[in-house]
Amino acid sequence: MTSIRFFHAADLHLDSPFKGVTSMPDHQLKTLRESTFKAFQTLIQTAVQEKPDFVLIVGDIYDGEDRSLRAQHKFQEGMETLNLHQIPVFICYGNHDHLSGKWTRFQLPKNVHVFPEQVEKVKLQIRQHDVYINGFSYKERHVKDSMIARYEDAVEKDSYNIGMLHGSLAGDTTHAVYSPFTKDQLISKNYDYWALGHIHKRQILNLEPPIVYPGNIQSRHRNEKGTKGFYDVTLEKGNTQLTFIPTSTITYDQITCSCNEVVHANEWFEIIDSAIENFRNENGAGVVEIHLTDVDADTLSMLEATPMEEWLSMVRETQELKDPYIWIHSITMDVSEALEMESSGLTEHVISVMDTWDTKQWKEIVSDVYQHPRLSRYMENLTDDDYESIHLEARSLIQKELIGKE
202 MTSIRFFHAA DLHLDSPFKG VTSMPDHQLK TLRESTFKAF QTLIQTAVQE KPDFVLIVGD
262 IYDGEDRSLR AQHKFQEGME TLNLHQIPVF ICYGNHDHLS GKWTRFQLPK NVHVFPEQVE
322 KVKLQIRQHD VYINGFSYKE RHVKDSMIAR YEDAVEKDSY NIGMLHGSLA GDTTHAVYSP
382 FTKDQLISKN YDYWALGHIH KRQILNLEPP IVYPGNIQSR HRNEKGTKGF YDVTLEKGNT
442 QLTFIPTSTI TYDQITCSCN EVVHANEWFE IIDSAIENFR NENGAGVVEI HLTDVDADTL
502 SMLEATPMEE WLSMVRETQE LKDPYIWIHS ITMDVSEALE MESSGLTEHV ISVMDTWDTK
562 QWKEIVSDVY QHPRLSRYME NLTDDDYESI HLEARSLIQK ELIGKE
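Count along the sequence shown starting at 1, add 201, and that's the number in the numbering used here.
Each hint can be trusted.
Once the Cα atoms are required to be at most 30 Å apart in a straight line, the calculated DSS-like pairs of lysine-lysine come out as:
1. 275 - 402
2. 564 - 426
3. 340 - 322
4. 324 - 252
5. 322 - 438
6. 303 - 231
7. 384 - 358
8. 358 - 438
9. 324 - 340
10. 322 - 390
11. 252 - 358
12. 311 - 239
13. 252 - 438
14. 252 - 322
15. 426 - 384
16. 402 - 564
17. 239 - 303
18. 345 - 324
19. 561 - 402
20. 438 - 390
21. 322 - 303
22. 275 - 252
23. 345 - 561
24. 239 - 340
25. 275 - 231
26. 322 - 384
27. 275 - 311
28. 231 - 402
29. 311 - 324
30. 340 - 402
31. 402 - 239
32. 358 - 322
33. 275 - 324
34. 340 - 384
In short, the hints are calculated from the structure, not lab data.
Starting from the given sequences, assemble the full structure and let the hints guide the process.
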């Protein structure tokens, strides 16, 4: 059979608010808040240049159920562009942009097919071959039941069958669990490709048939590290080629810097600047966390002589006039193994107790902040990933503070 070619994207989250970076300079914050739109434009422009047979967008096109007017307008323009180039688009809505939300409606052009709340099977012909695309949109935010049984089994051997599914692998709790499935359930349908959405980490769950998460097209916070984008898929029976196409305008990541034998501030700044420059050359603009390793007693003594906020401020200042811009989100550290061995039982006891806390206990720890009558309205609800980040940062801080004083 002749191969077919399509783009597989998901989780655009257009007009994401990018909370938690308010200390960034205004002109850079504006660039950050435009990044989802620029990533989307990269998807559209690449489609125009490469002319795939069709494009799949698997849920969470918008960041919220109310779908901002601007986000809808930008998406409409992108679809009109693909319509001019006669590129069909198949979309399904996910938990963030479900069908029960309230928004001002836009009429999408004729090249766009929107899947309804019930699983639907759509047929198209590409170079005399039948292609069947199966999918559904979320009726409401919380779709807890498995939907796999509602997908028809593929029986047409001389055709291509593709499933679109915005959902979670059963047992994976990295995101809220919606429309759960198992790999065996998907494989049993005999489809040639499963186009997944919802999980923002790019991953291939199975090779034959391909079961694929492309991840989101633009990181929105520091827990979504690395380059983001979509897959350019060439599908042929038993021979699928997946090419990842980057779209990130700004890359979130961690930069690791060894502080081995560093005892003077100028040495430290040189190491940090070199690491940031290497990141800039490889990734362009970014929001990064500096993670210090090999921190011995001498380095720790040097760093403790000045508040960490001042070190952070100075590093940010060194990057102000450089382009592309790198925003330093935070500085964390690991103390050296030798220094850890010198730590007393107090440090180990505090950390061991903290390591036993579950999410409920962490919620109690931060409850004073989140129940504050003035502050709470400006704070976003914490996810399990956020609590894990708090845990790791608290662990690092305790190691630094207690070991340095014992």
